[in-house]
Amino acid sequence: FTKQPLDQARIDALEEMLIEADLGPRSAARITEAFAATRFGKAVDEAEVLEALSEAIADELAGHEGRFDPLSGPRPYVVLFIGVNGSGKTTTLGKIAADLKGRGARVLVVAGDTFRAAAVEQLKVWAERAGADFMSRPTGSDAAGLAFDALEKARAEAYDVVLIDTAGRLQNKQGLMDELLKVIRVIKKVDPDAPHETLLVLDATVGRNALAQENIFGNQIGVSGIVMTKLDGTARGGVLVPVAQASDSPIKLIGVGEGIDDLQPFDARAFARSVVGLGEN
Amino acid sequence: MFDALTDRLSSVFDRLSGRGVLSEKDIDEALKEVRTALLDADVALPVVRDFIARAREQASGEAVIRSVRPADQVVKITYDGLVEMLGGEGAEGLNLSLNPPTVILMAGLQGSGKTTTAAKLALRLSRERKKVLLASLDTRRPAAMEQLATLAVQAGVDSLPIVAGQSAPDIARRALSSARLQGFDVVILDTAGRTTLDEAMMAEAAEIAAIGQPHETLLVADSLTGQDAVRTARAFHERLPLTGLVLTRADGDGRGGAALSMRAVTGLPIKFLGVSEKIDGLDVFDAARVAGRILGQ
Ligand SMILES: Nc1nc2c(ncn2[C@@H]2O[C@H](COP(=O)(O)OP(=O)(O)OP(=O)(O)O)[C@@H](O)[C@H]2O)c(=O)[nH]1
Ligand SMILES: Nc1nc2c(ncn2[C@@H]2O[C@H](COP(=O)(O)OP(=O)(O)OP(=O)(O)O)[C@@H](O)[C@H]2O)c(=O)[nH]1
Ligand SMILES: [K+]
Ligand SMILES: [Mg+2]
Ligand SMILES: [Mg+2]
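Just so you know, the sequences run in chain order Y and G. Under my numbering, think of the first position of the first sequence as 2, with each following residue one higher. Under my numbering, think of the first position of the second sequence as -1, with each following residue one higher.
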């Protein structure tokens, strides 16, 4: 690469790259302006520019890194998976169940999506893959009732972790959000501290609506951690930058495929590098 | 209509007031607001760029620069431009073959709504007295086949019996021969979700299309999609004989700019909008409604 002074045209190109990574017009402008302020006119090559830009993004996200560590909490540790339709809740639950089983935990998988066609069967396959115990009711049953019974069972039988799936719902559907609140109320009847973890599952392909998803699920239901799935595709998931700015929910995990091992802890630096199109180093 | 954008544009023009005729620079300032509004609605950047270039030409016309209310004029240009780019008034339905069975192939990213939309189309067609066969070629996602079979029962149509261990291309062949032998009018082939970077899966999709020779190949995408809409639409369009788009989750509170992005990069008609999880939740596409959404109506 040849070194060139960082001029307005290059700065505009960087801003556009961030927009195309879904940071949104304002975060993209804010970050590139701050970046340009310190480097404008200095001679830098393209690789240095991208490295520095990825560090600026990493700095924004670093304070939002969170760890998902159910085995160091109280028992049974109750984890609820929530999010819009098709975002990857069930698959993420399955991957987590497998990981926890692999670490020797006693895991109860609960098919709280009693609505969608074959949601129960889908989760059952994941529970079998993971070697975890499975609890379900026929489609159409009351999800809150199932959650209640699952927690009683988990207490009585000394499970370490209870993973509760829920049906996908759009955050603007108040009736469906109320149903989710009911599930949480019922869970709290068994254990006032539960759910110990409520994971909001976001799809990396989603654009600006991720902000509304985080905001409404966060405010109405309460979110203790964010999972971003489908980062193995072409979507960069840069909407996490404005999401992190607007909220204090930590980002905990990322999904990078449909396989049982395709789940990783969220790493702000690695994520920021991929947002600007840099590989791992 | 479009109060937010009109307000923003009005404040831009107010700042620039004091002159009778707007300059090119004034128009550029206003179009910057339009650009931000479109990006906030998830319209993809390359599409925004083209759109703004066209709008600039029109906004430089007499009607705007001499207008007493230029904000309204710019909003109108923007809205009309969106409707036109989205395909104008009047929706395109499904193309059914004169020689049944019509083959419809569903494709798209993971979780976009293919299976649900397949069932919605089946219900719609069966209400038009077509005999429909639903076939799942999704050999990958757990219980994908059971999902489609369950939805087929809800829609009151037939589904291809599940045979464990068959490959997706083999299921496609079996579906076609069943459809022919049993006199179905329409056979809908549902496929597994795939990312466009997954070369093996993209090649499989192309192979299925080669076997099925579909009359309709529909790319099913989430209307909440962000900037990735152009990459995804382009990549599927390169590998499959796409004939149309379906945008799901239009019942969400997103602005749905992905519709414009996908339409713009493929030139394909948007045929339907998915508007609920239920199998009757499929609306015929309406450009005016989507344009209004993009502008925050
Ligand atoms: N490529 C990729 N696909 C994923 C990932 N996570 C989930 N998927 C796929 O996305 C699709 C939807 O995943 P699900 O786990 O069923 O999503 P969900 O949120 O439970 O969906 P609903 O219950 O219908 O709301 C499936 O095809 C999954 O295999 C990921 O990290 N990468
Ligand atoms: N609210 C709403 N939900 C929808 C719509 N279309 C599909 N869904 C839901 O989105 C989720 C995913 O739908 P599927 O039909 O399973 O998606 P798919 O593309 O077949 O998923 P894979 O086969 O895993 O790639 C399910 O929870 C559906 O109920 C829609 O228009 N509105
Ligand atoms: K999506
Ligand atoms: Mg699910
Ligand atoms: Mg499917």
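Heads up, a few of these hints could be off.
[What the hints assert, rightly or not] Okay, derived cross-link-like pairs now, DSS-like style, lysine-lysine, Cα gap no bigger than 30 Å in a straight line:
#1 Y:Lys190 to Y:Lys125
#2 G:Lys129 to Y:Lys183
#3 G:Lys276 to G:Lys129
#4 Y:Lys4 to Y:Lys43
#5 Y:Lys183 to Y:Lys154
#6 G:Lys129 to Y:Lys174
#7 Y:Lys43 to G:Lys30
#8 G:Lys128 to Y:Lys125
#9 Y:Lys43 to Y:Lys125
[Unchecked claim] Anything over 12 Å on all C-beta distances counts as not near chain G; from chain Y, calculated:
#10 Ala48
#11 Arg130
#12 Val240
#13 Gly280
None of these hints come from the bench; they were simulated from the model. Built from N, CA and C at the ideal position, the CB exists for glycine as well.
Exercise. Between Y:Lys43 and G:Lys30, does the CA-CA distance stay at or below 30 Å?
Worked result: holds (28 Å)
Problem set entry | Given pair status - Y:Lys174, G:Lys129, alpha carbons within 30 Å | Distance of about 34 Å is beyond 30 Å: violated.
Exercise. Is the straight-line distance between the alpha-carbon of Y:Lys43 and that of Y:Lys125 30 Å or less?
Worked result: violated (58 Å)
Exercise. Within a Cα-Cα threshold of 30 Å, do G:Lys128 and Y:Lys125 meet the stated pairing?
Worked result: Roughly 35 Å between the alpha carbons, so the hint for G:Lys128 and Y:Lys125 is violated.
Problem set entry | Assertion that Y:Arg130 lies farther than 12 Å from chain G (Cβ) | Given a closest Cβ separation of 8 Å, the condition is violated.
For this session: Please work out if Y:Lys190 and Y:Lys125 have their alpha carbons no farther apart than 30 Å.
Result: Distance ~26 Å between Y:Lys190 and Y:Lys125 Cα, so the pair holds.
Exercise. Are all beta-carbon distances from Y:Ala48 to chain G longer than 12 Å?
Worked result: holds (23 Å)
Problem set entry | Restraint status (C-alpha distance of G:Lys276 to G:Lys129 at most 30 Å) | holds (21 Å)
For this session: Please settle this one: Y:Val240 was flagged as non-interface, so is its CB more than 12 Å from every CB on chain G?
Result: violated (6 Å)
For this session: Assess, step by step, whether the Cα of G:Lys129 is no farther than 30 Å from the Cα of Y:Lys183, and give holds or violated.
Result: Not OK: G:Lys129 and Y:Lys183 at ~42 Å, beyond 30 Å, violated.
For this session: Starting from Y:Lys183, check that the Cα of Y:Lys154 is at most 30 Å away, please.
Result: Measuring from Cα to Cα gives roughly 19 Å; hence the hint holds.
Exercise. Non-interface claim for Y:Gly280: all C-beta distances to chain G beyond 12 Å?
Worked result: holds (14 Å)
Checked against the numbered hints above, the structure violates hints 2, 6, 8, 9, 11 and 12; every other hint is satisfied.
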